[in-house]
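*Asks:* So the chains spell out like this:
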Amino acid sequence: MTLRHHLVHTVLFSAFVSTTCLTTTQAEERSGITVMGVGKIDAKPTIVELTGTINGEAELAGDAVTKFRGNRQTAIEAIEALEIPGLTIEGTGVSVNSAMTQQQMQAIMQGMPAQGDSAGKLAVSEPLKLTLVGVEDMDTEQLLETLVKIVDAGKDSGIVIGTMPTNMNFYYRSGNTRTPLAKFKLSNVNEVKARAYEQAIADARTQAERLAEISGVKLGPITGIREGNLPGKNNQQVVYYNPYMQQQDDDDQFTSTDLRDITVTISLQVDFSIVEE
Amino acid sequence: MARLSSNSHRRRELWGFIFWIAVVPIGLANVPTTAVAQIVMATPAVSASDDEEKNLGGFQVQVDDSLETSFKDFERFAERKDWEKAFRAIEEIPSDKRVGMLKASGGMIVPAHSLIWQVVAELPAEGREAFRVFFDAKARELFRQIEQENPEPGNDVKVARQVFDEFFLTSVGDDAANLLGDAAFEQGDFRGAERYWRAILDHQPNTEIGELRLQVKRAIALLRSGRAKQFAAIVNDIEQRFPGEMVTLGGQDVEPVEFLKSLQSDSESSESTLGESNEEPVLAEGVLPEDTPIAWQVQYLSDAGKKMLDQSVRSNYWYRNGVETYVPPFTAIGGRLICNWFGIVFAIDVTTGKLQWRSEKFDKLNSQFGQMPHSQTNIEQFAVVAGGNTVLAISLNPEKLNNYREPFRLIAYELDTGKERWNSEKVSSLSSESFIGQPLMVGDNVLVATHERNGSKMTLRSLKLSDGSEDWSKELGTATQIQKSRRYQQQNPVPIFLKTNDAVLVLTNNGALIALDSLGKEVQWILKFKGPPSSAGDNFFWYGNEPLEDVIALHSQGAILEEDGTVYFKEACSNELFAVDLSKPEVVWKRPVEVEAVLAGVDENHLYVMTREMMAIDRESQKLRWARRLPIVGGGLSTVVGRDTVYVFTNRGIYCLDKQNGDQKAIYRGADLESNGGWIEVVGDRLVCVSNSTVTAYTPPWVDDSQNSQSDEDTDSTETSETSDAAKDTSG
Numbered sequence: 027m028t029l030r031h032h033l034v035h036t037v038l039f040s041a042f043v044s045t046t047c048l049t050t051t052q053a054e055e056r057s058g059i060t061v062m063g064v065g066k067i068d069a070k071p072t073i074v075e076l077t078g079t080i081n082g083e084a085e086l087a088g089d090a091v092t093k094f095r096g097n098r099q100t101a102i103e104a105i106e107a108l109e110i111p112g113l114t115i116e117g118t119g120v121s122v123n124s125a126m127t128q129q130q131m132q133a134i135m136q137g138m139p140a141q142g143d144s145a146g147k148l149a150v151s152e153p154l155k156l157t158l159v160g161v162e163d164m165d166t167e168q169l170l171e172t173l174v175k176i177v178d179a180g181k182d183s184g185i186v187i188g189t190m191p192t193n194m195n196f197y198y199r200s201g202n203t204r205t206p207l208a209k210f211k212l213s214n215v216n217e218v219k220a221r222a223y224e225q226a227i228a229d230a231r232t233q234a235e236r237l238a239e240i241s242g243v244k245l246g247p248i249t250g251i252r253e254g255n256l257p258g259k260n261n262q263q264v265v266y267y268n269p270y271m272q273q274q275d276d277d278d279q280f281t282s283t284d285l286r287d288i289t290v291t292i293s294l295q296v297d298f299s300i301v302e303e
Numbered sequence: 085m086a087r088l089s090s091n092s093h094r095r096r097e098l099w100g101f102i103f104w105i106a107v108v109p110i111g112l113a114n115v116p117t118t119a120v121a122q123i124v125m126a127t128p129a130v131s132a133s134d135d136e137e138k139n140l141g142g143f144q145v146q147v148d149d150s151l152e153t154s155f156k157d158f159e160r161f162a163e164r165k166d167w168e169k170a171f172r173a174i175e176e177i178p179s180d181k182r183v184g185m186l187k188a189s190g191g192m193i194v195p196a197h198s199l200i201w202q203v204v205a206e207l208p209a210e211g212r213e214a215f216r217v218f219f220d221a222k223a224r225e226l227f228r229q230i231e232q233e234n235p236e237p238g239n240d241v242k243v244a245r246q247v248f249d250e251f252f253l254t255s256v257g258d259d260a261a262n263l264l265g266d267a268a269f270e271q272g273d274f275r276g277a278e279r280y281w282r283a284i285l286d287h288q289p290n291t292e293i294g295e296l297r298l299q300v301k302r303a304i305a306l307l308r309s310g311r312a313k314q315f316a317a318i319v320n321d322i323e324q325r326f327p328g329e330m331v332t333l334g335g336q337d338v339e340p341v342e343f344l345k346s347l348q349s350d351s352e353s354s355e356s357t358l359g360e361s362n363e364e365p366v367l368a369e370g371v372l373p374e375d376t377p378i379a380w381q382v383q384y385l386s387d388a389g390k391k392m393l394d395q396s397v398r399s400n401y402w403y404r405n406g407v408e409t410y411v412p413p414f415t416a417i418g419g420r421l422i423c424n425w426f427g428i429v430f431a432i433d434v435t436t437g438k439l440q441w442r443s444e445k446f447d448k449l450n451s452q453f454g455q456m457p458h459s460q461t462n463i464e465q466f467a468v469v470a471g472g473n474t475v476l477a478i479s480l481n482p483e484k485l486n487n488y489r490e491p492f493r494l495i496a497y498e499l500d501t502g503k504e505r506w507n508s509e510k511v512s513s514l515s516s517e518s519f520i521g522q523p524l525m526v527g528d529n530v531l532v533a534t535h536e537r538n539g540s541k542m543t544l545r546s547l548k549l550s551d552g553s554e555d556w557s558k559e560l561g562t563a564t565q566i567q568k569s570r571r572y573q574q575q576n577p578v579p580i581f582l583k584t585n586d587a588v589l590v591l592t593n594n595g596a597l598i599a600l601d602s603l604g605k606e607v608q609w610i611l612k613f614k615g616p617p618s619s620a621g622d623n624f625f626w627y628g629n630e631p632l633e634d635v636i637a638l639h640s641q642g643a644i645l646e647e648d649g650t651v652y653f654k655e656a657c658s659n660e661l662f663a664v665d666l667s668k669p670e671v672v673w674k675r676p677v678e679v680e681a682v683l684a685g686v687d688e689n690h691l692y693v694m695t696r697e698m699m700a701i702d703r704e705s706q707k708l709r710w711a712r713r714l715p716i717v718g719g720g721l722s723t724v725v726g727r728d729t730v731y732v733f734t735n736r737g738i739y740c741l742d743k744q745n746g747d748q749k750a751i752y753r754g755a756d757l758e759s760n761g762g763w764i765e766v767v768g769d770r771l772v773c774v775s776n777s778t779v780t781a782y783t784p785p786w787v788d789d790s791q792n793s794q795s796d797e798d799t800d801s802t803e804t805s806e807t808s809d810a811a812k813d814t815s816g
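Each protein sequence line maps, in turn, to chains A and B. Be aware that the first sequence starts at 27, since it is given in our numbering, and climbs by one per residue. Be aware that the second sequence starts at 85, since it is given in our numbering, and climbs by one per residue.
If you are wondering where the hints come from, they were derived from the structure by calculation, not from laboratory data. Values in this document were obtained by computation on a predicted structure and should not be read as measured data. There could be a bad hint or two in this list.
So the derived list for chain A, only partly shown, Cβ under 7 Å to chain B, looks like this [what the hints assert, rightly or not]: (1) Thr92; (2) Gly96; (3) Pro206.
Beta carbons are placed, not taken as given, at the ideal position from N, Cα and C, and that holds for glycine.
Kindly generate the complete structure, drawing on both the sequences and the hints.
*Replies:* Structure (structure tokens):
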């Protein structure tokens, strides 16, 4: 191999690393090969989660509590009466609020003080989480039938399934008149993630070996792993207000509002050393 | 106490006894009361307080200010115990001048003669003694006219009334009251009679007429006026306080408790006989099973019409008066169901579902739908009632449905044929009046409220059913117009009438309950309470396609119901539910409820109040016993209160709830799931549901099997074909 050939390889290698895989900064000099390995696992949802709200609202506090208790009991009895295997219902905390009239809400939305009787209605409410496990063993028809039963029972018993009416304005304003009722989730996230990690490392190793081969160096052991994108990559995200997001939890990134496979993606930045030959 | 001459007294008593035992049939309970009733006023608390009247708003009643000034002079002197000046002051207000209305406490506005009578009757002992000294000779002189052998016909009642009004505390006051009680009883005004006799017991405790005798008379009057609880209480009281005592009635000595109990059992058997002859509906009970047969269905809003209406609502989202959730009013009579759908009145045979007649083709409304969401027409003003062979509808010509403030007309139809008998538009004295509130048929007349096209004075009119001509009219007061939606002009409140055994009540839906005599002619008292808020000066706020306010979406209406002598009412646009004891009258309790709530039913224990929930409120303690959220989305909030179950028609079917705890016993999906739900009522052997697009009848399980099979045979041939024919017909 001539000097000229070496020079060409070196230039190409440098260009490749600087534009695709390896981004270095002046402050972060590395002596090795750093690549981004990505692992993607498509998994079938195992859980369906529905949120509902039990509400008791009245002029008198005692009435509000009576209504709340009655509505809660009815709702839970109705859901339990379905006797659907794997379906659980769980309260997520009672809240007591002063309920505003629609006119007062309108005033506040216009940036004006709310008019009217300050001693308005009292609202006692509690979000309920209805969780159905074992979804992966159901076919679409079965799942649909089960969901319809739950939603029907909820509606029959007066649970507000999905978004509360107070949040509806978001949907009206955004022109979205369909609100999601169910969320499909993974219960075995860690297991799927582990597989995705393995795949990401394997992917990183494949890339690094390729680079080493091209560069004519020998790939050494891994010297560092960082999860996430490479530094300097544009990670800016624009987050729009979505009231539904208030109900998200840590696992919501592995959630879909549609019945389809959920993709678990792991991105790892892996540093390999170069072994002197 | 002075007594009537023995001959005169005995004659009257004998006559009275014969009258009670032999002449007065149970049906007399419905005999209209004559002018005697106007004297007897319930006993509202006195001492008017201007503070209580402040900030009530709403319905305004004319009060006689000059009379009030004179009356206050009396009160002032009486308070100082300057009796001579006090009685001189009251002498200046003779009974013929006591004609206006005066404010009393507790929000009551009462006829002046009643209030003055009450204040005098409740004077302290010293004042009562002074009153007797001052007026006794005059009263005795006046009363002597009655004791003449051949009094002028009708004069004795007139004289007794004057004695009662002006000189009740004198030695002849009790006799005058007793005579008036007898006269009221004879004329079927049992509640009035009971009040006269109670007045003696309350204010003339030393009367020589005898407490036992008066209590027996009261008990009979209570029994005749249907107040079983009070009757039982008096019988119990007599049993404990007068054991073994006899009372002479009609010259015969009778054991009072035994006598009263026998009257009660006679009354109950007569009532049950009457009930059979009137074919009262069997009390609903149990759940509606899934296989409950659908007897028939009539679709009055065609599919094409519905599309046009929906499109119109979408295109006019800014306005929206709830027209899309409106359920038309209906009434049932003689096996027919009659609806008034935006001025199209139609009758259906309840057994077969045949459309018997209609005032217009249903699709005539289709061309009006485009304007209706932003029409200023008060759609809550449509009404329909029926009685005898007459159907009365408060209506608009469908072509004028969207005219600006078009006056609502009162139209009379022949029940059998649907032929228009008369129309207020063509009666010259009524042509500019707008009719409002469901009319009340009283004998050969109809009582109905009107207001001028752009006015808010509420006038009560009595019209002849035969030709619509006016018998008499009376101005009730001035209403405060209500603005339910910020996008519409203010509208007049829709009053509601209730006929009790011996009174007509008018709930103004504007902060007042008015009690009239049984003919509706004379005001007995007015209960004033907080009226609807004035919207003048309020800021308006709005955003995009916000949901309809509940009070508009649910078409919340006021309601008034009577049970055991107590009326329960809740006005539209008010957040207060009232219980008023009619015998006193006074507010027993009031409690807050939602503005959009509708009082839908009552039974022995509960009031049933509906919003998007069904609530059962204890009648005694006013506590909320249970509440159940239901998928209620539109108007026609109503319930059938059965023996053990309450039934509610929603857009997800008919809910059957346990009366005791509200537990959901069953949901019967029925045949009208595309609608918003609406009215539900038992009519004959059918359970009828009226929604915003159809009328559907079911054959409920509580109907006797033999009746079922007979009805099914009758209906079998027509059920499906007639239904579909009617539906085709309706779609034009």
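*Asks:* Evaluate each hint against the coordinates.
*Replies:* Here's how the hints hold up against the structure:
no. : hint   : result
1   : Thr92  : 5 Å, holds
2   : Gly96  : 5 Å, holds
3   : Pro206 : 19 Å, violated
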